Each structure stands twice: as C-alpha cells, then as structure tokens.
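**Q** Residue-level listing of the chains:
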Amino acid sequence: MAITAKAFKYGDDINTDYIISGKYKFKSNDMAAMSVHAMEELDPHYFEKVSPEGGFLVAGTNFGMGSSREQAPLVLIGSNTKAVLAKSFARIFYRNAINTGLPVVECDTDLITDGDELSLDLEAGVLRNLTQGTEIPFPPLPPVMAQLLADGGLAAHFREHGGFAVK
Amino acid sequence: MVVPISGKTIAEKIFSAHSDSDAHAGDIVVADVDFVMGQDGTTPLAIRALESMGVESVFDPAKVAVVMDHSSPSPIEGVSALHTMMREFGKKTGAKVYDVGCGVCHQLIPEAGHVVPGDLMVGCDSHTCTYGAVNVFSTGVGSTDGAAAMASGKLWFKVPDTMKVTYTGELPPGVFSKDLILALAGRIGVDGATYMALEFHGPVIDALSVDARMTISNMAIEVGAKAGLMKADAKTLAWYEGRGDRTPNPVDPDDDAVYADELVLDASAIGPQVAKPHAVDNVSPIEEVAGTPIAQGYIGTCTNGRLEDLKVAADILRGRQVHPDVRLIIAPASKQILLDAMEAGYIRDLVEAGAVMVTPGCGPCVGTHNGVPSDGENVISTANRNFKGRMGNSNAFIYLGSPATVAASVIEGVITDPRKYFTGGEA
Numbered sequence: 001m002a003i004t005a006k007a008f009k010y011g012d013d014i015n016t017d018y019i020i021s022g023k024y025k026f027k028s029n030d031m032a033a034m035s036v037h038a039m040e041e042l043d044p045h046y047f048e049k050v051s052p053e054g055g056f057l058v059a060g061t062n063f064g065m066g067s068s069r070e071q072a073p074l075v076l077i078g079s080n081t082k083a084v085l086a087k088s089f090a091r092i093f094y095r096n097a098i099n100t101g102l103p104v105v106e107c108d109t110d111l112i113t114d115g116d117e118l119s120l121d122l123e124a125g126v127l128r129n130l131t132q133g134t135e136i137p138f139p140p141l142p143p144v145m146a147q148l149l150a151d152g153g154l155a156a157h158f159r160e161h162g163g164f165a166v167k
Numbered sequence: 168m169v170v171p172i173s174g175k176t177i178a179e180k181i182f183s184a185h186s187d188s189d190a191h192a193g194d195i196v197v198a199d200v201d202f203v204m205g206q207d208g209t210t211p212l213a214i215r216a217l218e219s220m221g222v223e224s225v226f227d228p229a230k231v232a233v234v235m236d237h238s239s240p241s242p243i244e245g246v247s248a249l250h251t252m253m254r255e256f257g258k259k260t261g262a263k264v265y266d267v268g269c270g271v272c273h274q275l276i277p278e279a280g281h282v283v284p285g286d287l288m289v290g291c292d293s294h295t296c297t298y299g300a301v302n303v304f305s306t307g308v309g310s311t312d313g314a315a316a317m318a319s320g321k322l323w324f325k326v327p328d329t330m331k332v333t334y335t336g337e338l339p340p341g342v343f344s345k346d347l348i349l350a351l352a353g354r355i356g357v358d359g360a361t362y363m364a365l366e367f368h369g370p371v372i373d374a375l376s377v378d379a380r381m382t383i384s385n386m387a388i389e390v391g392a393k394a395g396l397m398k399a400d401a402k403t404l405a406w407y408e409g410r411g412d413r414t415p416n417p418v419d420p421d422d423d424a425v426y427a428d429e430l431v432l433d434a435s436a437i438g439p440q441v442a443k444p445h446a447v448d449n450v451s452p453i454e455e456v457a458g459t460p461i462a463q464g465y466i467g468t469c470t471n472g473r474l475e476d477l478k479v480a481a482d483i484l485r486g487r488q489v490h491p492d493v494r495l496i497i498a499p500a501s502k503q504i505l506l507d508a509m510e511a512g513y514i515r516d517l518v519e520a521g522a523v524m525v526t527p528g529c530g531p532c533v534g535t536h537n538g539v540p541s542d543g544e545n546v547i548s549t550a551n552r553n554f555k556g557r558m559g560n561s562n563a564f565i566y567l568g569s570p571a572t573v574a575a576s577v578i579e580g581v582i583t584d585p586r587k588y589f590t591g592g593e594a
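Going down the list, the protein sequences come from chains A and B.
Under the numbering used here, residues 1 to 167 are what the first sequence spells out, in order.
Under the numbering used here, residues 168 to 594 are what the second sequence spells out, in order.
Because the hints were derived from the structure by calculation, they are not lab data.
This one's a predicted model, so the numbers in the text were calculated from it and none came from an experiment.
Where hints are given, some of them may not hold.
Far from chain B, by Cβ distances over 12 Å, these chain A residues were calculated [said to hold, decoys possible]:
id, residue
1, Ala5
2, Lys49
3, Leu74
4, Glu117
5, Phe164
Sample of chain B residues facing chain A (criterion: CB under 8 Å; computed from the structure) [unchecked claim]:
id, residue
6, Ser188
7, His191
8, Ala216
9, Met220
10, Ser224
11, Phe226
12, Ala315
13, Ile355
14, Val357
15, Asp482
16, Ala511
17, Val523
18, Thr526
19, Gly534
20, Phe554
21, Gly556
Below, computed lysine-lysine pairings styled on DSSO-like, alpha-carbon distance capped at 27 Å [claimed, not checked]:
id, chain 1, residue 1, chain 2, residue 2
22, B, Lys230, A, Lys87
23, B, Lys263, A, Lys87
24, B, Lys587, B, Lys555
Every residue, glycine too, gets a C-beta built ideally from N, C-alpha and C.
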C-alpha cells in the first residue's frame, strides 16, 4: 500500500537529542505529550507542520546518531511522520525505528527537495517523487527487519509468535 | 560448542560462540545474551514493551539489572513515578535494581562482575559499548530490543565488520586516554565507524589501566561504532579478582582476522584534545581553544568518573582554588568510587578547592538535574557528548576534554593546557 505525503527536509548527522531532547524524555512515559517537542532543536514548528496531514522526514547521512532512546522514533510516529528517508542511519536508531514500526528507507535524498510530494510503497519497493516525476531506487530491507516491520514492530512480533520467529 | 576457526575478529568469535554458528561479518544471527541492562530513561519503555508482548517475567533474574542513574535522585514527580515503576519491576521479576546513588550503569555492570571477558551483552543505553574495554561484546539497544532480550535471553544481530585501530608510540605526560579517543573522533568523524565494531590494539592500549581503557571503549558510539573491543590481558584478569564468581573467557582475534579497515595513530604525537560545540568530531588540539572563557566545569560520567580520573583532578586541584567565576561539579561514577576517593583523600582535596560533589550517577551530563548551564555559558566537561541542548540548555556551549584539562581549566577560568602540571613530575 502506497503512502503519499509531503517531504520535510533537513541535514546530516541529526542526533537523537535534536529529535527529542533528553530533558523531555526523562519527564514521563506520555508519548503524545512528548511528540509536540519532536525535532524542536532543529525546527520548533515540526509538529505543527507535519502532524495535520502527515509527512516524510528527509535527511542526509547518519540520521539518528547518539542515544539509544526509543522515544526518538516514537515521537516521530507521534507527530505523524510516515517514514524517515535518509542517505544513511545510525544503527541504534535504525533498529529502534523497525522495532517500533516506523519505516526507514536508505536512499539518495539529493533527489528530494523540501516540500516535494512523495509516494512510498514499501512492499513493492517503490519510492516516487511525484513533484519531480522521478522514481528513487532503494535497497530492500533485510528479511528479518522486513518481517518485524510487517508484524507491526518487535513487541507485536513477540506477542504473535511468543518469541523470535525470524530466520 | 563451535570449533575455533581461523581468520576471525573478536566480534566474529563472540557471535559464533553465542549463536552456535560460524558467524562472519554481514551474517544475521539470533544470539544468546549473557546480560541485559536498562537505565531510568529507557527501562520504563522496556517495561511497557514487555507488557505489550504479554511477558510477565524475565529469562533469568540474575542476568537482568535496571539502574537509576540518569535522573537520580528524582528531581520531579514524573521521574519519581518512573523510578517506582522500576522498583516494582525488580520486585515482580527478581531483576537486580540499582537504586539512586549506586552510580552510573556502565560503571556498575562491570564493577559488580555481571559481565566477564568473552560475554555478549546488551544495554538500553548507547554507551553500553564501554565494556568492550574488558573484552565484552556489549552494545546499546533501544527499549523494545532490551525487552525482547529480557524476555527471551536472545536478540538478533548483524555481525559487524571490524575496524582495527592501533595506537603506537607512548602517551606523553599530561595526555590521557580521553585525548586518544577524541583524536580518533576528529580523524574519522561521527559516522566514521557506523555499523562496525572497533578493535583497539597496540602498546599504548596495553600500557593503559582498565579504567583508562573504558574511557576509549565508552566513546566508540561517538564514531557510530557498535562496539569498542579490546583484548583481555593480565591487567584485565587482575581487575576482575574479587568481582563476582563468573569465570572470564578471554577472546583474542586471530592473527589472520579480516578487518574492513585498519588505522594507525601515533600517540606520541597527540596532545590534549578538545571537542568543541556542538559535535564530538569537532576536535581541536588544545592550543587552538586555550583561553576560551568557561562558566562551569564537570568531572564525571561513564566516560571519566572513575577513581583515577578523580585522582588526576585532585592532584591538580590540591592546594589550589577553582576560579571565582567558575562552578566545578563532580559526580563519581559509583558509590564504590566515592568511598575509595574519600579513603584516598581526593574528595577532601576537591571540595576544599571549591568543587561541588553530586550523587554518584550521570550528574549533569544529560540535562536532567545537577547543574544545567545558563544561556550563553561555556562548559568544559569530561563527558562523551556535546550536542546542542545536551546539558539541558540549547543556548549553552559544551567543550569536551580529559579530567586533567577540566581541572586545569577551572583554576584559570579559561580552557587551559594541563601539561604544565605534568612536566617535571608531580603537580
């Protein structure tokens, strides 16, 4: 199933303190309240811009570097971010995104401009830039991660299978 | 057990042994973990994930610990509720609970002997890579991964490629392991080793204490690495004496191990290094930043809150005073280190010099309590991260250096080269 939404583009090395500051993550477990602060250090209006209609967060290299905080993908989900598209990801963020059900796509984001309308079909492996009329190739997820994402994340996978049922 | 196979890195050997397979870089394995840890910023979400999995217990209560260190003792009621949740989790499952004041998770886990050389462990904190210094493949994961490991004793891993880093030469006086790892970050950048394990080798590593080695492995994540591994030598095994009853199983790389990349750095040519705001790879030799005014110094954290770090600071500050315009905050990495530093007289030296002692734990590193800087202030810290907003104020500027650099700087009120305290012997 394809998701269509607008691209919100940022730079390289976006760390987890920018995605959600440590000062918020220790205050509570309430993701809805925390989500309004998503990406606040870089863009104080991220939540207002993305949450009404949803959007793709587009970035450069090493997205999500830093802390292991799972609040990072959770507040992006909470702000209606449909997927993160980046040239590369920091590994803990990448795992956390898959585990919590936030799609992550490694692709050449130079082919996307802020505000472009994108269409992503993860199962078919197709990413289209509708504004520019182009198709952006991306490598498929390794089977383990594809299965976890398809199951709705790792917790759902465990609930369904009673443990690891991958490989 | 797997028959030893030549040509493997430490990471490949540990993953082979823990997945009962012939694991090579790039393979995806489901492996048995020897220990699982969470802290107060991540455990509450792990507990929630366990609930969502429908899991009521942990795979082995002796192999799970939760630590209140990041925001501890609680500064606000929201955190108090999270701490209560962790205590109840410990009562329900039998998992070990390290309550307020015990110290930073990354000091407590090896200090208590929960992990030993050859182990595979995961922690819900990115600096879990610290125990690579004692030959443990340890890596940071998120709360849901942590929950899966707590529930099943297993986790899936991609066996990483390894970058071999060799420090040659000899560490000059006034230069420390913190300077070695900052120099590496400056050289390869914050994504220089993403998805990879680092293996640290060479005479400089061999000559370092276990404390000092942990500083290096702790910051492996700051160049994107999954682990920062070292061999277990006689010093490592001596360090483990009296720490728990588990038997170390040291894992050396094969002589013909295949590395994705190899890097040699001459330690003799490295001076004190400082990471400037707001990135850990924004590193300069101290000469380039000396004279920068500072308002706060911080000595502590999982990077540099150990006994020998407090000793270096005490040796410089003994009989001297912190500059009147500067606050010096110190958090020992554990209660045991606090006691040892009291016994050795370091705490008296530091407090008499004007230092403020805070609870063993993360201190002001994560911006939750214990010394949030004001707008426009510069901080010199022994921590591992200087991201904008890290210490709780996005309008503050964080510089990172060794405990000696911080101690020398707080005396003069500006970033100061500590080597003047080391030429010709004792300060």
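**Q** Against this structure, judge whether each hint is valid.
**A** Hint check results:
Separation of Ala5(A) from chain B is adequate, the least Cβ-Cβ distance of about 25 Å exceeding the 12 Å criterion. Distance check on Lys49(A): its Cβ is at least 19 Å (rounded) from any Cβ of chain B, clearing the 12 Å threshold; non-interface status holds. The Cβ of Leu74(A) does not lie farther than 12 Å from every Cβ of chain B; its closest approach is about 8 Å, which violates its non-interface assignment. Consistency note on Glu117(A): stated as away from chain B, and its beta-carbon is indeed over 12 Å from all of that chain's, at 29 Å minimum.
In this structure Phe164(A) is not separated from chain B by more than 12 Å, as the shortest Cβ-Cβ distance comes to only about 5 Å. Annotation: Ser188(B) was flagged as interfacial toward chain A, and the flag is violated, the nearest CB pair being 10 Å apart, outside 8 Å. For His191(B), the interface hint is violated, the least distance from its beta-carbon to any beta-carbon of chain A being 15 Å, above 8 Å. Hint status for Ala216(B): holds, given a least beta-carbon distance of 5 Å to chain A, under 8 Å.
For the restraint placing Met220(B) at the interface with chain A, the shortest Cβ-Cβ distance is roughly 4 Å, inside the 8 Å limit, so the hint holds. Given hint, Ser224(B) at the interface with chain A, is violated; its Cβ is 13 Å from that chain's nearest Cβ, farther than 8 Å. Residue-level restraint check for Phe226(B) is violated (minimum Cβ-Cβ distance to chain A is 10 Å; threshold 8 Å). With a cut of 8 Å, the hint placing Ala315(B) at the interface with chain A holds, because the nearest CB-to-CB distance is about 6 Å.
Annotation: interface hint on Ile355(B) violated; nearest CB of chain A at approximately 12 Å, more than 8 Å. Interface hint status for Val357(B): upheld, as the beta-carbon distance to the closest one in chain A is roughly 6 Å, under 8 Å. Hint status for Asp482(B): violated, given a least beta-carbon distance of 32 Å to chain A, over 8 Å. Hint status for Ala511(B) relative to chain A: violated, with the closest Cβ pair at about 32 Å, above 8 Å.
Proximity of Val523(B) to chain A is violated relative to the hint, the smallest CB-CB distance being about 21 Å (cut-off 8 Å). For the restraint placing Thr526(B) at the interface with chain A, the shortest Cβ-Cβ distance is roughly 15 Å, beyond the 8 Å limit, so the hint is violated. At a threshold of 8 Å, the smallest CB-CB gap from Gly534(B) to chain A is about 5 Å, leaving the interface hint in force. The interface hint given for Phe554(B) holds, since its Cβ lies 4 Å from the closest Cβ of chain A, which is under the 8 Å cut-off.
Among the interface hints, the one on Gly556(B) holds; its C-beta lies about 5 Å from the nearest C-beta in chain A, closer than the 8 Å criterion. Using a Cα cut-off of 27 Å, the hinted pair Lys230(B) and Lys87(A) is violated, with the two alpha carbons roughly 37 Å apart. Between Lys263(B) and Lys87(A), the direct Cα distance comes to roughly 40 Å. Violation of the 27 Å bound is thereby established for this hinted pair. At most 27 Å may separate the alpha-carbon atoms for a hinted pair to count; Lys587(B) and Lys555(B) exceed this at roughly 31 Å.
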